[in-house]
Amino acid sequence: MKSMKKSLLTTAMMTAIAASGANAAGLSDDKVKIGVLADMGGVYADICGKGCVEAVKMAVEDFGGTVLGKPIEVVSADDQNKPDVGSAKAREWVESQQVDAVTGLVSSAVTGAVTKVLTDAKKIALISTSASHAFTTKACSPYNAHWTYNVVALANGTVKPMVQAGKKKWFFITADYAFGHALEKVASGVIANNGGEVVGKVRAPLGTTDFSSYVLQAQSSGADVVALANAGSDFVNSLKTAAEFGLTEMVDVAGLLVFTPNAKALDPTIAGGMKLTTGFYWDYDEETRKWSQRFMERTGGAIPAMGQAGAYSATMHYLNAVKAVGTDESDAVMKQMKATQPNDFFARNATLRADGRMVHDMYQVRIKNADERKGENDIFALEKVIKGEEAFGAMLAQCNFK
Amino acid sequence: MQLNKSMIALVVLGLLAPLALYPVFLMKVLCFALFACAFNLLLGFVGLLSFGHAVFLGTGGYITGYLMSTTGLTPEISILAGTLCAAALGAVYGKLAVKREGIYFAMVTLALAQLMFFVYLQAPFTGGEDGLQGVPRGELFGFIDLSDNMNMYYFVFAIFLFGFWLVNRTIHSPFGQILKAIRENEPRAISLGYNVNDYKWAAFVISAALAGMAGSTKTLVFQLASLNDVHWHMSGEVVLMTLLGGMGTIFGPIVGAASVVGIQNYLSGGELGNYIHIIMGLIFVVCVLAFRNGIVGEFHKLLKKNF
Amino acid sequence: MATFLGINLFGLFGQLLVGLINGSFYALLSLGLAIIFGLLKIINFAQGAMYMLGAFAAWLALQYLGINYWAALIVVPLAVGAIGILMERYLLRPIANEDHLYSLLLTFGVALILQGLFTHMFGSSGMPYNIPEELKGGSRLPFMYLPNYRAWIIIASLVVCVSTWYMIEKTKLGAYLRAGTENPQLMQAFGINVPLIVTLTFGFGVGLAGFAGVMAAPVYSVSPEMGSNMLIVVFAIVVIGGMGSIGGAILTGLGMGVVEGLTKYFYPEASTTIIFLVMVIVLLTKPAGLFGKEA
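Protein chains in written order, with numbering that gives the first Met the number 0: chain A, 0 to 401; chain B, 0 to 306; chain C, 0 to 294.
Bear in mind the hints are in silico, worked out from the structure with no lab data behind them. Don't take each hint at face value.
Claimed, not checked - Listed next, the in silico DSBU-like pairs over lysine-lysine satisfying Cα-Cα at most 30 angstroms (straight line):
| hint | chain 1 | residue 1 | chain 2 | residue 2 |
| --- | --- | --- | --- | --- |
| 1 | C | K285 | C | K169 |
| 2 | C | K135 | A | K200 |
| 3 | C | K135 | A | K166 |
| 4 | C | K40 | B | K179 |
| 5 | C | K135 | A | K274 |
| 6 | A | K373 | C | K135 |
| 7 | C | K135 | A | K367 |
| 8 | B | K304 | B | K179 |
| 9 | B | K94 | C | K40 |
| 10 | B | K94 | C | K285 |
| 11 | A | K200 | A | K167 |
| 12 | C | K285 | B | K179 |
| 13 | C | K285 | B | K98 |
| 14 | A | K334 | A | K121 |
| 15 | B | K98 | C | K40 |
| 16 | A | K386 | A | K289 |
Here the structure is a predicted model, which means the values were calculated and not measured.
Put together the whole structure using the sequences plus the hints.
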């Protein structure tokens, strides 16, 4: 095996360097290698997938293609939304292909399995698209950096203002798996803390085609707001059905996790007016538009989803840290990443907290109605910028990795 | 004679392989090869198409994973427990399923497997969609550290050889001859006085147990047990492996498993990732249209023709 | 509100009606599958993919050719049926004399290819397709709001199902069809082109899936995954009804819709599993299915 020989060679060289008493650790294998792990052909392919790979490549090119005089490599793989496939790939990367950091990371189930492998191997996870807040709370690790958003930010951004505005009674249509449960639990907590109550909930199996039964249950519950704690095609299907059965006219329907490709797939007469929280919107200002324009030219026209912009930002921050500390040794790099503030078109007023949570400005947006839209990509109108500390909540003491 | 030579070649190949290839990849191949061998025992040698065999793979995996995570049991005991649970489930399911034939057998096994899928999805100990994560590999017999990939590899290889030996032993025993008689001509087997359903049931239980053993081992290798292992897609995958390698042949399932895992591994990295479904589908179509005997079956035919 | 044993009766009626709507949809999909199996003994695992193809064809036709919903209802099933005919002629006919298992595996492969191809071309987020203007809105029943489009699903599905059943079971054409597939040599001797009948029947069965796809486009997300989610449920329905029994597939489709609807009300988590429980029970007590003939 070529790679094996190579690694033997580099190991020999490394030992030689170490023996010569060089203090700067340098790069472990003469290059920095970043792996992008995402669902490339399944239900979540549009929200990260190849777009994430492209975004990471953009970051590497913008950085200059080399760090400390050595090349930066990007590899990618399809996790098929399966934890076993994802963790096996991550294991192969760190054990036999000298990957230094893994980004992408979409389905929370996959991310959970992958971060365990990475932490064991002391490699960095730059989580760009996962929703669960577990990676910086109950499954926190000194090697996790969670970019973009999480369920806490979604609940604080979308649910809190609605409860405070007097929408007290809530009904949940929840996707019956880990992510849906987490979103429902966090959102229910926010509702209770602000004087609201949950009057009912129903857990729909993942991939349910017909939501009409659940919509009827929501209708007869007497709720002020029906929250959709699901994602992807589940979200699209449930909202379509809610509109068809007249639910959207009777009560507010809140989509708790909406990615731009999903919002785009919905007819404005159905989705128009819905408020939601996002970590990024391409049309926010000149900087985001400039980056998004470049992104769209490279990917064939699809506007960037928040996780794709997040993957760029996370990669950039990681490479800057490697450059600054002069090594790709994970502990040193992570320390540097937490000591400096990420700052680019995506990361506004941002810090990477000691628990690995990247706290930055979140945006409450409203889906535009048909008559407001100037083009097919003109989807959101900005309602309000939410300060990072407000959105992401406090850090847990046991996750304070200094 | 021929078989013995091939066996020796297989053992030598297995012992040397990790020097050249990434051991975790090889372990995955071995686990699936064992799974496919177990499946082939039913499909290839009794003529029963189970469309729910993943349930045994997953059961073994969950039980072993749970025991390793929560108790201090050693890996070999946990694998044994996983295998026994899969065998027990196989005994119940087999009892129900062997009464039916052909497509109805396939459908009963599918439906029964779906019921267990639901149980595993909802049961608290399985971790639902997340699966059982971070299962420790433990120490074999209490003193061999399996977190070392090489140690783990040779352990997995030993398990595989044991399973493979058991399948062969079964096929070549008098019991196996009767199974083949059932496959070839069931009414005649009945008229010879054999209680056909009992034989089918016994084969089903052995197959389920070995599938469970494969699942248990896989969980240790990847330190993870997930719903994916119980999903009907997995049941379809093992059909593909067996068909591609050559059903009813001894080495077919191994070749099939190695090919499918190899292709998946190759495709999952790099630009071809998007085509994984398309390519898998094409393999199905081409196999059915042109190579119904599978790789090993066609190879045998070639040998017979030319030598 | 009327209640009985603590159950909200109005809510329950609503669920029953919704179940019936889904059931009529299931009936439509299982009909095609039952025809293909009953008459041709082919287990078509690609039926779900054909349904997906129908929905995408409706979307493509609207997007690029300006063909509206009503025209798509006619054109798309014909187009999908034509694809089915090609598939039968070039893929299935060469293996017609092999074990049924092979047709299952082959069509499974075709389904994978189609799904992969559409994901590759159109992504996985789904495409928007609106309810036609004529069917927007709905009527308020005492116990629920019934959207017009859902009422239309019941009517259209039942009309198609019943007329198909009538054609196959009660007309002369149907008699040729059944005879031609049951005893091909004899019919061939009578001068009837049996291979043609087989091809057309397969095309018709697949065309029905295309029709169902168009019906589904306005209410479900038009996405590459939609077929594989549906397939296994529909397959179970055909097995429960008795493979090959066309009337059985229709009645079971309706019935399972209702059973599933009730499950969604009382124990939603199990709603995708209930159908398999029914299948196990039916197959163990009545091996040939509810309406199948004992072999």
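Now for the hints, and whether the structure bears them out:
At roughly 26 angstroms between alpha-carbon atoms, K285 (chain C) and K169 (chain C) fall within 30 angstroms of each other, so this suggested pair holds. Annotation: proposed proximity of K135 (chain C) to K200 (chain A) holds, straight-line Cα distance about 28 angstroms (limit 30 angstroms). For the proposed pair K135 (chain C) and K166 (chain A), the alpha carbon gap of about 29 angstroms is at most 30 angstroms, so the pair holds. For the proposed pair K40 (chain C) and K179 (chain B), the alpha carbon gap of about 26 angstroms is at most 30 angstroms, so the pair holds.
Of the pairs offered as hints, the one joining K135 (chain C) and K274 (chain A) holds, with about 25 angstroms between alpha carbons and a cut-off of 30 angstroms not exceeded. For the proposed pair K373 (chain A) and K135 (chain C), the alpha carbon gap of about 26 angstroms is at most 30 angstroms, so the pair holds. The suggested pairing of K135 (chain C) with K367 (chain A) holds, with an alpha-carbon distance near 21 angstroms, which does not exceed 30 angstroms. For the hint linking K304 (chain B) to K179 (chain B), the alpha-carbon distance of about 25 angstroms falls within 30 angstroms, and the restraint holds.
Between the alpha carbons of K94 (chain B) and K40 (chain C) the distance comes to roughly 27 angstroms, so the proposed pair stays at or under 30 angstroms and holds. For the suggested pair K94 (chain B) and K285 (chain C), the alpha carbons sit about 16 angstroms apart, so the restraint of at most 30 angstroms is met. Between K200 (chain A) and K167 (chain A) the alpha-carbon distance is near 15 angstroms, which keeps this suggested pair within the 30 angstroms criterion. For the suggested pair K285 (chain C) and K179 (chain B), the alpha carbons sit about 28 angstroms apart, so the restraint of at most 30 angstroms is met.
Our distance criterion of 30 angstroms between C-alpha atoms is met by K285 (chain C) and K98 (chain B), whose separation comes to about 12 angstroms. At most 30 angstroms may separate the alpha-carbon atoms for a hinted pair to count; K334 (chain A) and K121 (chain A) meet this at roughly 13 angstroms. Restraint check for K98 (chain B) and K40 (chain C): the C-alpha separation of about 22 angstroms stays at or below 30 angstroms, so the hint holds. Restraint check: the Cα-Cα separation between K386 (chain A) and K289 (chain A) comes to about 23 angstroms, which is no more than 30 angstroms; the hinted pair holds.
Comparing the model with each numbered hint stated earlier shows that all of them hold.
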